[in-house]
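J.: Here is how the chains run, residue by residue.
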Amino acid sequence: MTAATTAKTIDPNANTDCSAQARSARPVEPLIFEKTVPGQRGIDLPPLDVSQYDIPDELRGESLPLPEIGAGEVMAHYTHLSNRNFSVDGNFYPLGSCTMKHNPRINEWGAALPGFSQLHPLQDDHLIQGALRLLYETRCFLQEIAGLPAVSLQPAAGAHGEFTALQVIRAYFEDHDQSQRRLVFATDNAHGTNPASCTMCGASVIAVKTVDGHTDLDDLKRLIDEHGAENVAAFMITNPNTAGLFDAYVSKIADVIHDAGAMLYVDGANMNAILGKTRPGDFGTDAMHYNTHKTFSTPHGCGGPGAGPIAVTEKLAPYLPLPQVVMDDDGSFRLEYDRPKSIGKVRSFIGQFSVLVRCWTYIAACGPEGLRNVAEKAVLNANYLAARLQHKYEMPFFNPGKGKFCAHEFVTVPRTLLDKGVTLVDIAKRMIDYNIHPPTMHWPVHDCLMVEPTETESKRTLDQFAEVMLQIADQIEKDPQSLADAPTDAVIHRADEVAAARQPVLVWKD
Amino acid sequence: MDYTQITADEQANMLGTVGVQSIDDLFEVIPPEIRYNDTLDLPPAMSELELQRGLQEMAGQNHGSHDMACFMGGGAYDHFYPVLIDQLISRGEYLTAYTPYQAEASQGSLQAFFEFQTQIARLTGLDLANASLYDGATAVAEAVLMSLGATRKSKVLVASTLHPDYRQVLKTYLSGHDAEIIELPAPQGRISAKAVTATLSDDTACLVIQSPNVYGLIEDWESYFAAAHEQGNVMTIAVFNPIACGLLKKPGECGADVAVGEGQPLGAPISLGGPYLGLFAAAEKFMRKMPGRLIGRTTDAQGRPCYCLTLQTREQHIRGAKATSNVCTNQGLLALRASMFITALGPQGLKDMAEQCYHKAHYLAERISQINGYSLKYEGPFFHEFVITCPKPASQIIKACQLKRILAGVDLAHPRMGGISGENDLLIAVTEKRTKHEMDALVEVLTEVTS
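Chains as they are written, first to last, in my numbering: chain X, 301 to 810; chain Y, 2 to 452.
No lab work stands behind these hints: they were computed from the structure.
If you're wondering where the values come from, they're calculated on a predicted model, not measured in any experiment.
Please note that a few of the clues may not be correct.
[As the list claims (entries may be wrong)] One-sided excerpt, in silico: chain X residues whose CB lies under 10 Å from chain Y:
#, residue
1, Thr-336
2, Val-374
3, Met-695
4, Pro-696
5, Val-713
6, Pro-804
[Claimed, not checked] Distance condition first, Cα-Cα at most 25 Å in a straight line; then the derived DSS-like pairs of lysine-lysine:
#, chain 1, residue 1, chain 2, residue 2
7, Y, Lys-400, X, Lys-335
8, X, Lys-509, Y, Lys-323
9, Y, Lys-286, X, Lys-809
10, X, Lys-809, Y, Lys-154
11, Y, Lys-154, Y, Lys-286
12, Y, Lys-405, Y, Lys-393
13, Y, Lys-172, Y, Lys-290
14, X, Lys-704, X, Lys-759
15, Y, Lys-172, X, Lys-615
16, Y, Lys-352, Y, Lys-400
17, X, Lys-641, Y, Lys-400
18, X, Lys-809, Y, Lys-290
19, X, Lys-641, X, Lys-615
20, Y, Lys-352, Y, Lys-437
The beta carbon of each residue, even a glycine, is placed where N, CA and C say it ideally should be.
Whenever a hint applies, use it, and build me the whole structure from the sequences.
T.: In structure tokens, the structure reads:
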């Protein structure tokens, strides 16, 4: 194959030779603590312009044992570290369930405007009308996209949104003399945050079976009978579900849950697949969360920050957390604190404001047709890749001949390849040699890769990815052992994660 | 502009590969009765130039620390941070990477977080720190939840001088749990040894004390935490300000088991309250009970040092309902900012910053208390923030100062601050950024307001 240069620097000619010669060691970047030079300074402050006041000895602490580094070395250190990272900017990053789409820089530019970034959260409303307008409009956008009448922008992340919404549901039931409703159902393939959020709320979780990724409606009915309809608070589902499939029976699920007097909660992690195509509010959802860092292109930043706004029905709206941004009749905006039924605060101040600036910017850029196109292209890209790979990588839920398509991501359990004597980790680590970030692994089912290309990738990147995956399959068929040392062309060879957990070293000791 | 990159020709080709006629075929699975066939009621798509105009217009309607002298604190502080942070953090390799699940493709962020954990452990004087939580308030709530599990006890002792948002968030977090919050009174702006010893009991799971507290006053962590440890099996939780650690005694020096706090002062813009940075440090014995991600040092197949996520069996994606927390997405980029901030300033810079905050705040407090009608409300030692009782409602003083482009402080009677004080009480914060000129201007306006 000839060398090709793409925006995503997938390297089809990766050096996968694991001979000792090829495994020339890449330099290790010393820790910042190992670079300290006593007396060195990075950035200093202007001289003190007032007189000194007495600092009592009993208040003074010991000096800080932190490194002393010059400004040039600071730049070098973090530049070198950045070179040791894969990213959406530089790599194909098809991490299923995480929606690693392009992060437009206009979003960053907007969030960094001093008129947004330099506002104190306790300022009077009349000084921050532009910011409150942006928040109010974001609220309206998210209500419209969800097809639900109320949104809270407070939650800091998806899991925080789940926690907040479960508290809102609990407050509703307590207010309606049904405080015995403490059971929350969640599908057995739910994101780990779903049950963990229940625990944080003090609720018990009951797992509902899934069949081919879909909720088993009979099991749901059976569990409701078994535990008593009057004890069920909510059912948490993801739709499209965690197997990357739209749950066609979702309205029936909603009916069953509503007949039990409980609420349907939708984990919005996979909203990217249905933007403008269907709305959670239209299929019976009572509460849901968004992940702005998935659906609305706010950057993942090595793990955060994100934002997890929640959308709810009219009857749950009074219980949303404080404060709520509202518009008064005169067209001015304010933060409302006087909401007697509210669950109170779930975080300090107003929310992940600058993340929401990015969210607004993205939705405004796309517009209604654009959002619908996002869903269409996300689904197209995933189905195209699945179709190209299905002959070598078995896909339990994908069979276009029988009308079984995926949504925005697909699951492969490459059984035939694994049976040749490689592990899933081997396959994933070999992808790193090709400058591709491995997909999500072992989730939602064991031995699977979950691939989510997103709508912002070019066909050229998709094609190169497909070529690479077929090459890897070829390598496995010829010499499965050749993958055992992968990655051989990355900044490090395989990390010993078992040793890390057995004897944890979490801080540096000089 | 929706950032997609598939042309019509490519789409036709791709549909052919899948074996369908149209995009609609791929959405057939959505039953017709719940398909959305309308157009979402959203403004029409905007080009980047229109977005620039629109954003600039909305940003231009706001006033803040960029065009006013900011004396506001109350949990968010207008500190200096070097430009190199913005420059480095906007590198796509940091900005657009995910959680470092794949160690070999994420050594940059993993090493940076390992360094962050070490820096926060050293800043707090504790053994360990995690790789971040959402903010100071949720970090407090997570620490208290950890104490309930670790001690199997149910009474949560909280200083009433803890920030009102933090107390409210704690209340929300504990509302579904079998736990009771007991607030320690603080008639003189600080809690007392008497109240602490009288309230500690066999059922006490934890003692939570913020210092400097919500009024800016320094609490006596050392003796209260000693009393708690004497009681036995009580987790001592210090809510700290990372800038104060450059000068004052650190949580670890005062007997804290856990230190939690708001990391925003470490290089994050005030940004109308978020995203901020939840700091969480603890003694080694709590390692396996800690919430949030932890990065460990290990070696690669060639024996070279490297880093990876570790102790993941505590976390939601492995442990589900039995996880130590539900946190998944954290504040990675803010943790990186904080790490860069600490590195760029170094120990001397952090000490200088803390001392300048202290001296400037004391200068301003002295000047204001000399104005007729104004007095320092509390006598205790303070760091960079203090309460002034004004001759008029604080809200009026604040409005008057706004006209002179000064954000005079925080109105403690407003619901935003939980109405924790009388209407004449104004909370003023002074960071190293405030100049003598700005402080003298504030003194001048305050003088005029009463004359």
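J.: Next step is simple, just say for each hint if it's right about the structure.
T.: Outcome of the hint check:
no.	hint	verdict
1	Thr-336	holds (9 Å)
2	Val-374	holds (5 Å)
3	Met-695	violated (13 Å)
4	Pro-696	violated (16 Å)
5	Val-713	violated (19 Å)
6	Pro-804	holds (5 Å)
7	Lys-400/Y to Lys-335/X	violated (49 Å)
8	Lys-509/X to Lys-323/Y	holds (19 Å)
9	Lys-286/Y to Lys-809/X	holds (17 Å)
10	Lys-809/X to Lys-154/Y	violated (34 Å)
11	Lys-154/Y to Lys-286/Y	holds (18 Å)
12	Lys-405/Y to Lys-393/Y	holds (18 Å)
13	Lys-172/Y to Lys-290/Y	holds (21 Å)
14	Lys-704/X to Lys-759/X	holds (22 Å)
15	Lys-172/Y to Lys-615/X	holds (23 Å)
16	Lys-352/Y to Lys-400/Y	violated (34 Å)
17	Lys-641/X to Lys-400/Y	violated (31 Å)
18	Lys-809/X to Lys-290/Y	holds (22 Å)
19	Lys-641/X to Lys-615/X	holds (11 Å)
20	Lys-352/Y to Lys-437/Y	holds (20 Å)
When held up to the earlier numbered hints, the structure conflicts with 3, 4, 5, 7, 10, 16, 17 and fits the remainder.
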